[in-house]
Amino acid sequence: MKILVCISHVPDTTSKINFTEGDTKFDTNGVQFVINPNDEFGLTRAMWFKEKQGANVTVVNVGGPETEPTLRKALAIGADEAIRVNAEATDGAFVAKQLAKVAQDGGYDLIIAGRESIDYNGGMVPGMLATLTDANFVNTCIGLEVEGNEATAVREIDGGKETIQTSLPLVIGGQKGLVEESDLRIPNMRGIMMARKKQLTIVEPADASNETKAVKFEKPAPKGAVKLVSPDNLDELVSLLHNEAKVI
Amino acid sequence: MEIDLGTQMNFDYSETQQMVATSAKEFAEQNIRPHVMKWDESQEFPIEVFKKAGEMGFMGVLVPEEYGGSGLGYHEYIAIIEEIAKVDPSIGLSLAAHNSLCTNHILTFGNEEQKRKWLPKLATAEWIGAWGLTEHNTGSDAGGMNTTAVKDGDDWIINGAKNFITHGKSGDIAVVIVRTGEKGDSHGMTAFAIEMGTPGFSSGKKEDKLGMRASETAELVFDNCRVPDANRLGEVGDGFVQAMKVLDGGRISIGALSLGIAKGAYEAALKYSKERVQFGKPISSFQGISFKLADMATEIEASELLLHKAAFLKNTNRKVTTIGAMGKMYASEVCVKVANDAVQIHGGYGYTKDFPVEKFYRDSKLCTIGEGTTEIQKLVISRNILK
Ligand SMILES: Cc1cc2nc3c(=O)[nH]c(=O)nc-3n(C[C@H](O)[C@H](O)[C@H](O)COP(=O)(O)OP(=O)(O)OC[C@H]3O[C@@H](n4cnc5c(N)ncnc54)[C@H](O)[C@@H]3O)c2cc1C
Chain Z
1 MKILVCISHV
11 PDTTSKINFT
21 EGDTKFDTNG
31 VQFVINPNDE
41 FGLTRAMWFK
51 EKQGANVTVV
61 NVGGPETEPT
71 LRKALAIGAD
81 EAIRVNAEAT
91 DGAFVAKQLA
101 KVAQDGGYDL
111 IIAGRESIDY
121 NGGMVPGMLA
131 TLTDANFVNT
141 CIGLEVEGNE
151 ATAVREIDGG
161 KETIQTSLPL
171 VIGGQKGLVE
181 ESDLRIPNMR
191 GIMMARKKQL
201 TIVEPADASN
211 ETKAVKFEKP
221 APKGAVKLVS
231 PDNLDELVSL
241 LHNEAKVI
Chain X
1 MEIDLGTQMN
11 FDYSETQQMV
21 ATSAKEFAEQ
31 NIRPHVMKWD
41 ESQEFPIEVF
51 KKAGEMGFMG
61 VLVPEEYGGS
71 GLGYHEYIAI
81 IEEIAKVDPS
91 IGLSLAAHNS
101 LCTNHILTFG
111 NEEQKRKWLP
121 KLATAEWIGA
131 WGLTEHNTGS
141 DAGGMNTTAV
151 KDGDDWIING
161 AKNFITHGKS
171 GDIAVVIVRT
181 GEKGDSHGMT
191 AFAIEMGTPG
201 FSSGKKEDKL
211 GMRASETAEL
221 VFDNCRVPDA
231 NRLGEVGDGF
241 VQAMKVLDGG
251 RISIGALSLG
261 IAKGAYEAAL
271 KYSKERVQFG
281 KPISSFQGIS
291 FKLADMATEI
301 EASELLLHKA
311 AFLKNTNRKV
321 TTIGAMGKMY
331 ASEVCVKVAN
341 DAVQIHGGYG
351 YTKDFPVEKF
361 YRDSKLCTIG
371 EGTTEIQKLV
381 ISRNILK
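Those protein sequence lines, which keep their order, are chains Z and X.
For the first sequence, position 180 (counting from the first letter as 1) is numbered 180 according to the working numbering, and the numbering increases by one without interruption.
For the second sequence, position 203 (counting from the first letter as 1) is numbered 203 according to the working numbering, and the numbering increases by one without interruption.
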């Protein structure tokens, strides 16, 4: 089985988020980047297929050279090779078209994407990618088994689960549940050294246009100060929750 | 402006070094952070963490891959010890002792057979390593040691005791330097690798310590312990000179340990100073506090530069004795001072176990003592610069 894992290069969740150029561009200054958590669950599941079923795992990212450390981390975790599409990841449609090209050229049986990236939360790429590659699609995927050409996928539905029988080629929008946090792997020293020798291919982008354009970003209002209420003063707590926080 | 890189000195971590540091940090957060205070309290040596560190490749950092190690250099080694020490210095100390002292002694001075026999076990943490130079009556003056080895046929008979030995109880193998010649002769000592379980070799008292409490420190006792000549590392008479060379590299790791402690304490103090409000303002707005932070940050930066310079010399096989001693001395004194100021910035809360600086304060003091006290570093540095 040939697996393609789509890897988004996103700011660490503890990063301070700022915008520049009149709130139209994300300020990457001093920001630490990581593998998008939803993708990391998928990558870890792909490692399982590699180790248990002999799958071959390629990771792919659409982005500039600054995203290579993130791809190399995926190689250090155990992916066999990496592809970087040399283009700025602007909108979902553009990214999906680039990934579709890579997917078609490589002839992958299973494409694992994350349900959404935790930076822009677009959530559109996996669905578009499935359509563009004419593959089956399971979103919010929290469990995946593959036997030959048949796949059994578990989806999260509000408060419950749905088990789906489908066949390859398949695109999934994965998330936590594919594996658990405790299954995630920290690259060990051997993996890091081996990653240096693995192939990271840079391909030029396919001709594709953006369908959307960000014109303004706004940050959520800053959090207010903490108010401490004494445990004896339940009335005050209720009144604050009702009148100030307006949550009850 | 584009600058010709040929005219630059590079102070950046490479991508690989950055990845190594991140892995060490994540490892420490996951496997060490949740247990730090428990291990400290009970003075428990958490052997399972070292086994996991072995899987990560942290127990044979400098050991080439052909002997089962990670094949990394000193910059990566500093990064690993530093990141672990930021979370728990005592685990950092044990990693440093295992890697730099025991394992590195065998790597540097063992013959091929000895390296094949022991390094793969040490590099994967199947075995924990100890290294014994210090004795009850000889610390700084290690060359005056009283433990002896006497040749008996093809074997050596060892008698005496080593004191303050990291992993003295839980170690599976110890490299020990013992006297085989005249007292006072720097060529009168020889190194042996001795496996735990060898008759006549046992461990004695475990120390109850101020800090570094999860790192085990104990006595090694030799009572007519018979060791085959095949366990001798290098030539008869070379043991002390070997030990000094091992310490040249080891000091870089104690420097890295100091750097991690200093950064851990500084980061905690920086954060606290912005959160703690007195007189209606965060305490960081008072110059008495902000200037302390400025000094801490500067001294940490200077320690880091000194240590990475030592690492660079070591990686390029140049003499590192002076700069290594400078790095160890400076970084260790800085970490004690920074930990002290970090407690001060926390006020009364810093004196409690609810904040991490209390432990950094206790742990830091080992750094100006182990692998040669500050006074001994000054001796080494002054001797070299006056040569
Ligand atoms: C937690 C811990 C772990 C350790 N792990 C190991 C280990 O794994 N293996 C090992 O072999 N050892 C180990 N040691 C021992 C350590 O290296 C010694 O404690 C250290 O070298 C100092 O020796 P000492 O304690 O005998 O002090 P001493 O040598 O007695 O020194 C006492 C004081 O006198 C000063 N002094 C001594 N000579 C001079 C001089 N000529 N000029 C000026 N001042 C001087 C010293 O600087 C110090 O301030 C460990 C120690 C500790 C505390």
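Note that these hints are calculated values from the structure, not bench results.
Mixed in with the good hints, there may be bad ones.
[As the list claims (entries may be wrong)] With the Cβ distance kept under 7 Å, some of the chain Z side facing chain X (calculated, not the full set): (1) 69; (2) 152; (3) 155; (4) 186; (5) 187; (6) 189; (7) 192.
[Stated by the list, open to error] Here are a few chain X residues that face chain Z, going by a calculated C-beta distance under 10 Å: (8) 15; (9) 56; (10) 60; (11) 65; (12) 80; (13) 138; (14) 142; (15) 146; (16) 148; (17) 200; (18) 204; (19) 344; (20) 355.
[Said to hold, decoys possible] Keeping only pairs whose Cα atoms sit at most 16 Å apart, straight-line, the calculated EDC-like set for lysine to aspartate or glutamate is: (21) Z/198 / X/275; (22) Z/227 / X/275; (23) Z/197 / X/275; (24) Z/223 / X/195; (25) X/52 / Z/183; (26) Z/197 / X/15; (27) X/25 / Z/80; (28) Z/198 / Z/80.
Glycine included, each C-beta is placed from N, C-alpha and C at the ideal position.
- Item | Interface restraint verdict for residue 204 of chain X against chain Z (beta-carbon cut-off 10 Å) | It is violated, given that the least Cβ distance between residue 204 of chain X and chain Z is near 35 Å, above 10 Å.
- Item | Hint check: 7 Å Cβ-Cβ cutoff, residue 187 of chain Z to chain X | holds (5 Å)
- Message: Does the closest beta carbon of chain X sit nearer than 7 Å to the beta carbon of residue 152 of chain Z?
- Response: violated (31 Å)
- Hint status (Cβ of residue 186 of chain Z to nearest Cβ of chain X, threshold 7 Å): holds (5 Å)
- Message: residue 223 of chain Z and residue 195 of chain X were given as a pair; does the straight-line alpha-carbon distance stay at or below 16 Å?
- Response: Measuring from Cα to Cα gives roughly 59 Å; hence the hint is violated.
- residue 60 of chain X as an interface hint toward chain Z, with CB separation required under 10 Å: Given a least distance of 9 Å, the restraint on residue 60 of chain X holds.
- Message: Given residue 138 of chain X as an interface hint, is its Cβ closer than 10 Å to any Cβ of chain Z?
- Response: Violated. Min distance 36 Å.
- Query: How about residue 80 of chain X: closest beta carbon in chain Z under 10 Å, or not?
  - Reply: holds (9 Å)
- Given the hint that residue 52 of chain X pairs with residue 183 of chain Z, test it: the Cα-Cα distance must not exceed 16 Å. holds (14 Å)
- chain Z contact restraint for residue 355 of chain X - C-beta distance below 10 Å: violated (19 Å)
- Would you check whether residue 69 of chain Z satisfies its interface hint, that is, whether its CB is within less than 7 Å of any CB in chain X? holds (5 Å)
- Per the CB criterion, is residue 192 of chain Z less than 7 Å away from chain X? At about 5 Å, which falls below the 7 Å cut-off, the nearest Cβ of chain X leaves the hint on residue 192 of chain Z intact, so it holds.
This entry does not satisfy hints 2, 3, 13, 14, 15, 16, 17, 18, 19, 20, 21, 23, 24 and 27, going by the numbered hints stated previously.
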